[in-house]
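Take the given structure of chain A and dock chain L to it, following the hints.
In the order they appear, the protein sequences are chains A and L. The numbers in the working numbering rise by one with no breaks, and the one at position 193 of the first sequence is 193. The numbers in the working numbering rise by one with no breaks, and the one at position 232 of the second sequence is 232.
I should point out that these hints are in silico values taken from the structure, not numbers from a laboratory. Built from N, CA and C at the ideal position, the CB exists for glycine as well. Don't take each hint at face value.
To be verified - These stretches of chain L come out as covered by chain A in the derived footprint (C-beta under 8 Å, 3 or more residues): (1) 76-83; (2) 112-123; (3) 280-294.
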Amino acid sequence: MTLVRSELLKIRTTSTWWIFGLISLPLWALALLFNWLQTDALAGGDLGEVPADQADQVQAISSADSLAANLYTNGQFFGLLIVLLLGIVVVTSEFFHQTVTTTFLTAPHRTAVMLAKLVAAGVLALLFWVVTTVLNLIFGPMILNATNVGTQLGSGEVWTSVALNGLAYLLWSVLGVGLGVLIRSQIGATVTGILLYLGGTIGAAIAIGLLAGRFGDWINQLQLLVPSLASSLMVAGTEIPGNPPRWAGAAVLIGYAVVTGAIGVATIRKRDIS
Amino acid sequence: MMSDGQPRPSAGTGQIIVSGLTKQYKTVRAVDNLSFTVEPGRVTGFLGPNGAGKTTTLRMLLNLVTPSAGTATIGGSRYADLPDPLRTVGAVLEASSAHKGRTGINHLRVICAAAGLPKERADEALALVGLSPAAKRKFKGYSLGMKQRLGIAAAMLGNPQVLILDEPANGLDPEGIRWMRGFLKGLAAEGRTVLVSSHLLSEMQLLADDVVIIAAGKLVRQGPVDQVMASMTHGVRVRVRTPQADELATVLREQSATVDANPHGALLVSGVDAPTVGRLALAAKVELHELTTERPDLEGVFLELTAGKAEIR
Numbered sequence: 001m002t003l004v005r006s007e008l009l010k011i012r013t014t015s016t017w018w019i020f021g022l023i024s025l026p027l028w029a030l031a032l033l034f035n036w037l038q039t040d041a042l043a044g045g046d047l048g049e050v051p052a053d054q055a056d057q058v059q060a061i062s063s064a065d066s067l068a069a070n071l072y073t074n075g076q077f078f079g080l081l082i083v084l085l086l087g088i089v090v091v092t093s094e095f096f097h098q099t100v101t102t103t104f105l106t107a108p109h110r111t112a113v114m115l116a117k118l119v120a121a122g123v124l125a126l127l128f129w130v131v132t133t134v135l136n137l138i139f140g141p142m143i144l145n146a147t148n149v150g151t152q153l154g155s156g157e158v159w160t161s162v163a164l165n166g167l168a169y170l171l172w173s174v175l176g177v178g179l180g181v182l183i184r185s186q187i188g189a190t191v192t193g194i195l196l197y198l199g200g201t202i203g204a205a206i207a208i209g210l211l212a213g214r215f216g217d218w219i220n221q222l223q224l225l226v227p228s229l230a231s232s233l234m235v236a237g238t239e240i241p242g243n244p245p246r247w248a249g250a251a252v253l254i255g256y257a258v259v260t261g262a263i264g265v266a267t268i269r270k271r272d273i274s
Numbered sequence: 001m002m003s004d005g006q007p008r009p010s011a012g013t014g015q016i017i018v019s020g021l022t023k024q025y026k027t028v029r030a031v032d033n034l035s036f037t038v039e040p041g042r043v044t045g046f047l048g049p050n051g052a053g054k055t056t057t058l059r060m061l062l063n064l065v066t067p068s069a070g071t072a073t074i075g076g077s078r079y080a081d082l083p084d085p086l087r088t089v090g091a092v093l094e095a096s097s098a099h100k101g102r103t104g105i106n107h108l109r110v111i112c113a114a115a116g117l118p119k120e121r122a123d124e125a126l127a128l129v130g131l132s133p134a135a136k137r138k139f140k141g142y143s144l145g146m147k148q149r150l151g152i153a154a155a156m157l158g159n160p161q162v163l164i165l166d167e168p169a170n171g172l173d174p175e176g177i178r179w180m181r182g183f184l185k186g187l188a189a190e191g192r193t194v195l196v197s198s199h200l201l202s203e204m205q206l207l208a209d210d211v212v213i214i215a216a217g218k219l220v221r222q223g224p225v226d227q228v229m230a231s232m233t234h235g236v237r238v239r240v241r242t243p244q245a246d247e248l249a250t251v252l253r254e255q256s257a258t259v260d261a262n263p264h265g266a267l268l269v270s271g272v273d274a275p276t277v278g279r280l281a282l283a284a285k286v287e288l289h290e291l292t293t294e295r296p297d298l299e300g301v302f303l304e305l306t307a308g309k310a311e312i313r
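Bound conformation, chain A alone (with noise of 0.2 Å):
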């Protein structure tokens, strides 16, 4: 308890976290327009022609629930790459001002340390959720009315997004932790985080299509070892038709953070401190 307590120490007594923030902001407002404008489009019908196999999936994400959940989650996309990045920097940061000797001589239980900064980080991606989702209720109803479609704040399904869009948080973080240990250079290691995320949003995302049209629709269930791509599918709003369920989504992004994490408990246990 101690460690947790230095290690949010840590993070507050420098600027990162509040750097950090000031960004997610703008990052936010831009989703909030982006969504805003989705919301109106897909609330007022007016999409013009669907194709025919497209119509089950457009219909699930034009329902009132889907629409309300993806404005609660909003700003969830740079939201998760904010928390990889803090987490990554969590553990880097030390290597970067030799901090880490310091302290491994205070606690020489490696393992401990390594679950105080996994701790610490989930706190602070929690925290950013938290704000963003107090955001989201506030602007999101606003524009659930103007569109028509209703708050839907009675809707289960609705708080189960926002509470997977937490776990999402949750486990970019302790990604992002267990990736700092593995690429020790805090820029190596933002770089990277950066591209897989990005990269591996966009780039799979487009290459599972294109793959898709070739070779039948069976390679769409192949986004899930995809950890940006299953993480968004955790927290859709609803099943969408074609795609694989919500729950193995969050079963991979599970599985991605724990072996993560594991894996950089385990390196750092072992390397020496020169």
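Positioned in the frame of chain A, the structure of chain L alone reads:
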């Protein structure tokens, strides 16, 4: 010196025992079957040329680097087994080991939090090293000397029985070095164990009671400074330069002096003093270019002991 008095009795004797310590990297044996002891109540200088394995040894002692073989204990326990490491051992390893954006006082508070020490200790330790006025300044604004003092403050947080410092005089100005000398001697006088690595030999001569000299990862000599210096093959020597070296050597040997040629072409004479050498040379009509009395200092002893072992490995 410390506001809260003598070291804690729970810290044990504070004796450091290094036994058969070895670190093999892929191609280099950085530390090679090294054994020595460090006694409480004394300042022990840990000397060696750059790359001799001093830092690796200290890091193995502190559980930061895993030894390939051998053990290192502090008060009978391995560092990793100490129940309260910061209350037993204080270590200063790198001057720059604090987050650049964090203030000095917050750096210490983070450590206090992790070690379960009251955060007031941070203020006390900062006052102890004279850094209180810079408490709320960020680390990146610190001078090298201030960074070094902050490192010492961090090591003193737990009021430890044992102090281990790696090259603490680096970057200190003369005033800072004098302060450090007094500080460390004071700690040893209180009965604490103080182990200081350095390549600044003149400084060690003023500071250390004992020395441990290593080269190429191996122990070269250990003991009290006086004894190590006295144990050298020579005491006072006379250095002579002459174009007629052989002639002079013969004359001197007749007076039962010991004569060696040093690598730079001079003769090193012991057993007779400089005036005698001069008189004998004059009588033998030998031309002298240099006649100097050499008193051994730690630096000379050190260079002699480690000669040829400091090559790049």
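Violated constraints from the hint list, given by number and in increasing order: Number 3 - this is the single hint that the structure violates.
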